[in-house]
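Asks: Below, each chain spelled out in residue letters.
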Amino acid sequence: MTSLQIYKPETTATQWVLANLNLSSPYGRKALRALRPANSQHRGLLEQTFDELAALIDFCRRESQFTQQAQAIFRQLRNIAGSVLNLQEERVPDEVELFEIKLFAIHFCNLTALIKGSSLNLSLVFDDLQPVIKLLNPDEMIISTFHLHDSYLPELKEIRNEKRQLESRILSATDATTSEMLRKQRSELVRCEKELEFRVRSNLGTQLRNWLPQMNRSMETLGHFELLLAKADAALRWPSCRPQLLENGAELKAVDAINPEILEILKAQNKEFTPVTLDVIKGTTLITGANMGGKSVALMTIASNAELVRLGFFAFASKFSMPLFDYICHIAGDGQDQTSGLSSFGAEVIQLKELSELTPHGCGLAVFDEFARSTNPYEGRRFVQALGEFLQQTGWHGIIATHYDGIDLPDAACYQVIGLKNKGQLKPVSGDMRALIDNLCASMDYRLRKLDGQSEVPHDALHIATLLDADPRFLKLLNKLYSHTGKKA
Amino acid sequence: MTVSLSRLVADCRCLAIIGTEKNAGKTTVLNHLLAADRQTDLAITSIGYDGEDIDQVTGTDKPSVYVGRGTLVATAVDLLGQCDFTRELLCFTGFYTPLGEVVIVRALSDGYALIAGPSTTGQMTRLTRMLHDKKAGRIIIDGAAARRSSAAVSTADGCILATGASYSPDPDAIVEHTAHIAGMLTLPAEGKVPESILQALRLTEEDNDKTFGAGQVIDCFIVDSNNQIIASTSSLDDNAADLITDHKTQRIFFIGAITARLIQRVLERSRSLHGLKLIAADGTRFLLSPAQCAELKRRGAELAVLRPVNLLAVTVNPKSPDGFSLDSAALRQKLKTVLSVEVFDIIADNQP
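Protein sequence lines, in the order shown, are assigned to chains A and B.
Residues in the first sequence are numbered from 1 upward in steps of one, following my numbering.
Residues in the second sequence are numbered from 1 upward in steps of one, following my numbering.
No wet-lab data here; the hints were simulated from the structure.
It is possible that some hints are incorrect.
List time: in silico EDC-like cross-link candidates among lysine to aspartate or glutamate, alpha-carbon distance up to 16 Å [claimed, not checked]:
1. A:K194 with A:D94
2. B:K334 with B:E176
3. A:K194 with B:E88
4. A:K450 with A:D279
5. A:K157 with B:E88
6. A:K116 with A:E63
Okay, chain A solo, but in the shape it has when bound:
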């Protein structure tokens, strides 16, 4: 699961979830950067992650203040990797580095105590860094400041006392010559003090080096734990479930899956997200439906959830099962790249080619949002027909959303967005664009309906245009054309 490259999420929805995780320490963020999707070889490891995550979610649900307390500790953590590296390279630590290490050890022990004091059982091993604190805090009372304590070296105490007395004499000196002489004496004592302090720091460095393995491990443990806690936090923030991992050829089954990004956007507008329920078979699953009927959101929701499961997250759904895919691909016709001379259509073709090269490497989920949408309908329909057949041959779990008519795939699973309600009474509301869209949303049933037979494409574009209050002259022309072809709505 390791690779030097940073993982780039396949879907924007996954990217959003990762960007919105509650991670505040450099260690948690590092763990996120190291996160890689599991593949069919890692089933055991992934199940183990889910076991641990399930336990943590359960625990956080019961002990709601635990997350806040842990996060308060994470927020205070600084990155001590540089100081630890200096120790490793046998450099004498300066007081700032020693202070950093002490603070790290204190926070780490506080977190360990918080976990030990709870009923939480984790497979993560938390090293005991108390001896590190003790080393950097020779007094009885643990304080969150640091200084090179007198007790480290008897001579240090002596010289500091002597220096202090001299400083008092400087203060009470009345003439410049005496003062100057005393200052000279003081600078000699300062030199001695610095030498002794160097000895102390050097000695502390030597002793700390014995704790390097523990310190390195602790930084990693912190990262793993913070990321796990962030995953639990996400699972509690949005409806979620433990995903079930199935055998390779099995269907992906999502019940009431949600897309947290869209859900949050809608929530801000006081609207609700319509959850997606869908079975994706090995082969082709076809989704048809009206424009603005939520096909793209449904695709993104399924693809992103499958991707998040591979990354060790709970699925955002009430039930979610899937084979452990080796790769997930989301082709949405938005790969247009004018700098490399690719149109959106060209990019789709290239992406499909790249995807095909992955075929020998296990099973994959391939999601196509309006494939070949930007070419003409005559050819586009043929491209989609061919893609549907191709998916059945390659053995992928493929989903195609399209509004092309007459795709003929006998073995495909077909779904349709239920679409506009009460088509007879639809009329635009007066008001701004927001009001028009809100009215359209209210008239739209975003749920997917499974079709028994072949796909059929509803002809709702005229309705949608009417609802969006298109120019009346334009609508009149449209209506005329529709009645000519006998398809007036």
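Starting from the known structure of chain A, arrange chain B on it as the hints suggest.
Replies: Okay, now just chain B, sitting in the frame of chain A:
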């Protein structure tokens, strides 16, 4: 002398010491206050890092500020090694300087300190809050030359201006220059300020570094009598002077500096400036010559600030680094005739 300098500034919770020029005796004043008022709840920091100290780092001179035991010092980590007091590290601040992060340390003995603090007003405000949290009763901010001391004077609730022979061998020139700077610092406050301008100001003060090199930013706003912004431009724009003279009966707010170049153009374009009011965040932002100020005034323009500085005293250093020395008493006398605050010569006043 009726009252000592340390007594005069004793009630100030946050004091800034700034200079008219380099070598104006800022550090002498600072050391004097540190020695005269050895309270254990004192804290000290500086804006940025004063270039003149670098010679002392590399040369044979000692670091110049001598702090007492118990003093809180906020300075950059790279300078800690050159501070010679025994110390306790209290906390990291999260403010970064070219010399590393600013940390707060407590002096466990007397000793010399090299100090580099944050250089933006936003960070300095937060730092003073942190120092007060660490039980600092009084904070002294070691400023720089006046024109670079915005972060210090904006944060402090009192200010000492150091001046001296380093500016000129001619006492009259020193007096004119000092009176000019003191005049700028104590410009009257503008009461009615549009909220959006205060917001823009806060935003730039939060982090100056972010706007650095951004090119021409909109920093000049024309505001009418209804407190509405009616036009805005960049003060670097060639047409800024035209815009100002076109609206010369209005108030002009500046987020950044008001430069001599811009004012020269305004003066070239219009004979009467009656009704014009130029407003900046504080007196350090007026980078004008005394002659320009006098001319603006003569033509009827007013100057004002959002945050007037509470100037408590002026100090003089009659010695120039070039070796000559002016008559301290005469210089002080001349300054007193043009200034409304007390004038001190730390060295002369404390001679036995």
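Asks: The structure should be examined with respect to each hint, and the outcome stated for every one.
Replies: Verification of the supplied hints:
{"no.": "1", "hint": "A:K194 with A:D94", "verdict": "holds, 12 Å"}
{"no.": "2", "hint": "B:K334 with B:E176", "verdict": "holds, 10 Å"}
{"no.": "3", "hint": "A:K194 with B:E88", "verdict": "holds, 14 Å"}
{"no.": "4", "hint": "A:K450 with A:D279", "verdict": "holds, 9 Å"}
{"no.": "5", "hint": "A:K157 with B:E88", "verdict": "holds, 15 Å"}
{"no.": "6", "hint": "A:K116 with A:E63", "verdict": "holds, 14 Å"}
Checked against the numbered hints listed earlier, the structure breaks none of them; every hint is satisfied.
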